[in-house]
Each structure stands twice: as structure tokens, then as C-alpha cells.
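Trainee: Here's the letter readout for the chains.
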Amino acid sequence: MDLEECFQKGLIKKTEIDEELIKSLIEMSNIKEMAVRKAKIDNVNISAYVSLAYDALREALEAICTSKGYKVLSHICIGELLKDLFKNFDYEEFDRLKWIRNSINYYGTKVEFKQGKEIINKILGMKNKLTKKYLEL
Amino acid sequence: MLINLNTLKLFFEEPSKEFNVREAARLLNISPATASKELKRLASESLLKERKEKIFNLYKANLESDDYKDLKTYYNIRKLKESGLTNALNKFYLKPTIVLFGSSAYGLDTETSDFDLVVISEKTEKFPDIKKFEEKVNRKLQLLVVKNVKELKNEHLINNVLNGIVMQGRIKWI
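Chains as they are written, first to last, in this note's numbering: chain A, 1 to 137; chain B, 1001 to 1174.
Extracted from the complex, chain A is given alone in its bound form (with noise of 0.2 Å):
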């Protein structure tokens, strides 16, 4: 699904610009991040996290969208705006996130714990990174 289609759809809407919404969102975002890094995470369990790290991404980056006049509600379409909104948005990096995390909750995928470790490093340095650099906090 492609921007223009995201559009007409009605999956992207252009709002008004909603501070409380953008708090809440990145609150919200905030909190599960600290529930993946004070989790105690295992062999068996690390899947769930990978998860829960990706929606505190997800969140981060509706935050963003928010700020720039727009309510997203596919993270399909998140990531066809973001990298329409921001040049240098890494769309890959997202798009093999979404990827991983749709084959966790919607095909049972099990993440190995070793690389599980390293996704959610990932997701979060994103979610981060990307905070940093579109929200001014």
C-alpha cells in the first residue's frame, strides 16, 4: 500500500495538532520501553518483548505523525508517511521491524534470544533516535 492509497483509504487523516495526544502517545510509548528493559527476559518470553518494543516504536513514531498534522492508523501507512515527511527516515530499517513483529503476533514466529536481544536494541535505538530528532521534548 503506497501513500496515495493510504490516503484514500482513509488510514491517514490531516488533523490539527493535538500536544496532549502527542504527550500521552510518547507517555505511553515511554512506559512500555521501560517494561522491555526492566523485563526479565528469557528464552521462552523474548518473542513477547520484540513485540511490545515494536508498539512502543509504533507509538514513538504516532507521536510524530501527530505533530505534523497527521493521525495514522495502519503502521503500514506510518512508515509510507515518515518516509514521505523525512528524507533521511530509515523506511527499511522500519519495514523489516513491522515485518518481524507481524510474523511474531500474526505467525507465531519464535525469536531466537540471542538475536531477540539485538532486535529490540534496535527497535528502541530507533524509537529513540527518532524521538530525538522530529519531537522537540
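Since the hints were made in silico from the structure, they are not lab data. Hints may be right or wrong, so weigh each one.
List of simulated lysine to aspartate or glutamate pairs, DMTMM-like, C-alpha gap at most 25 Å [as the list claims (entries may be wrong)]: (1) B:K1126 x A:E118; (2) B:K1150 x A:D90; (3) B:K1095 x A:E118; (4) B:K1123 x A:D55; (5) B:K1147 x A:D90.
Here are a few chain B residues that face chain A, going by a calculated C-beta distance under 8 Å [unchecked claim]: (6) E1013; (7) L1094; (8) K1095; (9) K1123; (10) G1169; (11) R1170.
Beta carbons are placed, not taken as given, at the ideal position from N, Cα and C, and that holds for glycine.
Go by the hints and put chain B onto chain A.
Mentor: Same frame as chain A, now just chain B:
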């Protein structure tokens, strides 16, 4: 340029071999008249080399043609993807970056060439199903698995990879 890749498949699979019209017709399951017309057309577009030996017209891949090399590269990528290799690598390495490099990335590979691939992922364990896919693509697969392209160390190899075809994902240097 409207090209029928089905005819060229013969030459992509065996770039060093010369085929006469009857042999090509038999392998492609088409009439000799159709094969003759098609091979002549591909030769006229410089995708094949044509030469006459006694009463036979012989055809082989034209490895000097840029159009041939472009189509061969595309064929190699499709062949690897259609074998299911990309999907299997996605499952095992979680959608890694995949780069095809070496002769097969330039369309210069022959029937004895390997498919050289670099897989970039956090996981660097050896891919367990390599034999299965070697049988499917009828070629040897050289799979280098690294976390970062810089880990390849050898400058020549790194340059080869950087000049390869990124089949999936992106190569990151920084």
C-alpha cells in the same frame, strides 16, 4: 524490446553451450520453424551469437551484450526467489538484507559458476537448508552470513558486495 524469456532460458542455464535450431526447438517444445524465427530475432538483437557450421545455424549466449547481461541478472534474481530461498532465509534470519554479488550479479555467470550471496542479520548461524536449495537452483550456493558488511574484512570482497545487487533490505556502511 519485447523479449520472450522462455527462449532465452536455455541460454541462461547454459551460457557456454551452442544450440542448433532442432535442439532448441526440442528443448523448448516448439516447432523448428518457430525456434528458427525466434533465435534469429534474438541474434538480431545481439542477445545471442549466431554462427553457421556446415548446414547448421548455431546459437549461444552473447556475454558481451549489455542487454543479455541485464536480462541474465534479472533471470538469476527471479530464479533464486522462485526457488523459495528468499522466503526460507526470511524465516531463518528474520528478513535479512540479501545481496547477490560476483559474476551472477553482473549476468556473466556460466553453468559452473556459484551463486554468491551475502546475508546480513543479527543471527549468523549457518543456514541449514543450503543443499536443498542448491539442488533447486542447480548451482552451488556460497552464502556468507554476517552482522555487518564491514565484518567481511577483505577489501576486495567488500567492494564486490557493495557492487552487488541488493535483493532485499539495504546495505549499511555507517
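Trainee: Of the numbered hints stated previously, which ones are contradicted by the structure, given in increasing order?
Mentor: Number 6 only.
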